[in-house]
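Those protein sequences? They're chains A and B, same order as listed. Using the working numbering, you'd call the opening residue of the first sequence number 412 and step up by one each time. Using the working numbering, you'd call the opening residue of the second sequence number 56 and step up by one each time.
Calculated from the structure, these hints are not laboratory results. Remember, predicted model here, so these are calculated numbers, not experimental data. Mixed in with the good hints there might be a few duds.
[Stated by the list, open to error] Simulated crosslink set (BS3-like; lysine-lysine; CA at most 27 Å straight-line): (1) B/K169 - A/K500; (2) B/K325 - A/K586; (3) A/K620 - B/K169.
Chain by chain, the residues run as shown.
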Amino acid sequence: MFKRLIVVLVLLGVLVSACATPPTAVPATEAAPTEAPATEAPTVEPVEPFRIAVIMPSAITDMAFSQSMYSALIAVQTEMGGESALEIKYSEGMFKVPDAAAAIRDYASQGFNVVIAHGSQYGASVQEIAVDFPNVTFAWGTDVNTFGMPNVFAYTAAAEQGGYINGVLAAMLTKTKTIGVTGPVEVGDAKTYVDGFVQGVASVDPAIKVSKTWTGSFSDVALMTEAAKTHIAAGADILTGSSQSVVGSIGAAKDNGSVLWFGTQQNQSSLAPTLVVASQVYDWSGMIKEIIANNKAGTLGGQAYVLQLKNDGLKIVFNPDYALSAEIKAAGEKAIADIIAGTITVNP
Amino acid sequence: MNDVFQLSVVAGILTSAIRLATPYLYAAIGEAFSQRSGVVNLGVDGIMLISAYASFYIVLNTGSIWLGLLAAIVVGLLMGLLMAFISVTLKAEQGISGIGLYMFGLGLSSLLFKTTIGTVKTVTGFQPVKIPLLGDIPVVGEIFFQHSLLVYGAFLLVPLAWFVLEKTTWGLKNKSVGQNPAAADSLGVNVDRVRYVSVCIGAILAGIAGASLSISLLNLFQDNLTAGQGFIAVALVYFGGWKPVGILWGALLFSTVNAFQLWMQVLGVKIPSDVAIMLPYLLTIAALAITINRVRQPAALNKPFERGES
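Please construct the entire structure, taking both the sequences and the accompanying hints into account.
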């Protein structure tokens with residue numbers, strides 16, 4: 412009997428320690444500000460900070476989707492004057508939708524002004540929970556569906572635009588005329604990015620072969636790595652891909668040493684400084700500021716935001732450590748200008 | 056479709072398959088040691104994760120791949136001692152404690168990764184080593200003899216594990232405490248000690264499995280790097296009938312089909328990617344159903360041993 416008791420205690424200990432750490436995080440992890448909040452200005456009257464909570468599928472350090480949102484929130488926080496002006500709480504690693512739904516409900520009931528559900532898999536949960544909290548703004552993406560609710564914003568990224576630019580650049584750089592795309596799951600911005608990329612390549616040279624693989628997972632780094640190695644073995648000298656698992660593809664490119672990489676979602680140059688040519692970067696900060704302004708003005712939802720090249724939500728960041736020829740860079744910049752001007756349309 | 060049958064493609068598929076099978080081989084053979092002594096360790100994935108982290112951290116900071124491997128072994132051993140303490144000494148329900156161990160490994164590796172490394176980085180891990188002469192054979196050399204040391208190690212482990220489990224006195228003790236611990240005990244075999252050693256060997260191999268990902272095949276660490284490979288390894292033990300050679304076939308079947316579907320996608324064979332992704336799982340289940348294993352699982356699997364009971 413006594414032994415059973417010990418067992419129960421040990422197990423509880425193990426479970427508690429597991430639960431207390433990020434992947435199954437309880438929705439109360441403190442966000443660490445990157446910069447010290449402005450501590451001067453004692454004359455300013457203490458105001459209640461604006462409160463935003465965000466639920467993310469992967470880690471805030473994933474070099475991709477979740478990190479793009481987290482960085483944007485921190486940037487907005489710094490701009491607004493630190494934690495006293497904008498309070499940010501986040502739950503990361505919420506791959507499991509039921510866990511995420513519980514966290515969304517929790518945050519809403521804790522009186523956050525805005526709850527961001529950062530993943531297209533959270534849509535049904537938002538639709539269900541938003542009804543119960545008419546005074547809380549919910550934002551979710553990537554999607555454009557606000558469910559016709561007055562307190563739901565939707566957001567997405569026109570990933571095909573940056574995909575197109577990356578495709579134009581890649582087509583001008585490939586020597587083997589073979590390009591590999593390592594995709595996760597054929598949905599959302601992963602799919603639209605790849606669609607845009609293929610169109611970009613074809614606009615330069617329709618004879619270039621673009622091979623696509625899908626691993627069926629956003630997080631399976633091992634399979635993603637093997638997919639990238641397969642592309643390389645099949646003759647690809649340029650790779651691209653989407654999701655947090657592409658760190659595996661970049662690793663494979665780096666192991667090979669001469670295969671180039673085009674990034675999306677986040678600036679991925681630091682992972683392979685000599686091999687990353689350019690990255691499409693999602694900048695959600697403009698959208699976050701609009702949501703805050705709308706919320707303060709009493710508009711709690713009902714709109715969809717789309718990150719685009721023309722509203723600065725999407726940026727093409729060239730890697731300064733990769734010596735891209737002026738001619739190719741100019742072609743890329745011309746394509747950016749054409750998309751912004753509307754003379755090139757990219758179909759998702 | 057004709058592309059699929061070109062020699063270079065077949066070679067590519069087999070080369071990929073051998074790489075992909077590596078972590079499964081270490082983890083599943085390790086689990087076989089544990090299960091043959093009567094202890095199901097469902098925490099394999101957690102051990103892989105925390106060892107993958109530990110070895111990556113050491114290589115990142117010291118640059119020494121051997122110290123990295125040592126770290127994976129030491130961490131694996133510690134996790135094994137923990138599992139053995141809970142399931143052998145405290146006689147806890149093995150399924151539950153294994154899941155606890157998995158969650159512990161998953162959580163701790165993510166926490167440590169975030170606090171000590173912070174973001175995704177890459178290292179130079181074990182590099183492919185071309186074996187002299189053999190590596191020069193056309194096609195065959197490329198498929199089998201141009202891998203990293205940890206890949207060779209996984210395949211050498213198969214005969215080694217077979218020898219230890221089937222041909223040594225200790226192997227017999229390991230089997231006896233898994234089949235009939237009371238009988239083994241009456242013959243003077245220290246059941247708890249054999250189980251401790253077996254669980255620890257299994258955990259050390261799970262640790263090396265983790266290192267084979269983070270400092271050999273992928274050369275990076277990320278949250279939940281294994282994405283459930285440890286659980287597939289546990290399934291492979293059943294598939295392989297608790298025998299190293301059976302596990303080898305299971306691991307090769309699974310990884311060959313996986314490599315095959317990746318190649319089909321790269322070559323643009325017109326099948327939906329969802330179907331391609333399902334293939335390895337479907338075929339493994341089919342193979343399992345067709346070759347119904349006559350081997351019975353260890354009789355005392357999942358049963359704590361208490362002297363004087365039953």
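Against the structure, the hints come out as follows:
| no. | hint | result |
| --- | --- | --- |
| 1 | B/K169 - A/K500 | holds (17 Å) |
| 2 | B/K325 - A/K586 | holds (26 Å) |
| 3 | A/K620 - B/K169 | violated (39 Å) |
In terms of the numbered hints stated before, the structure departs from hint 3 and from no other.
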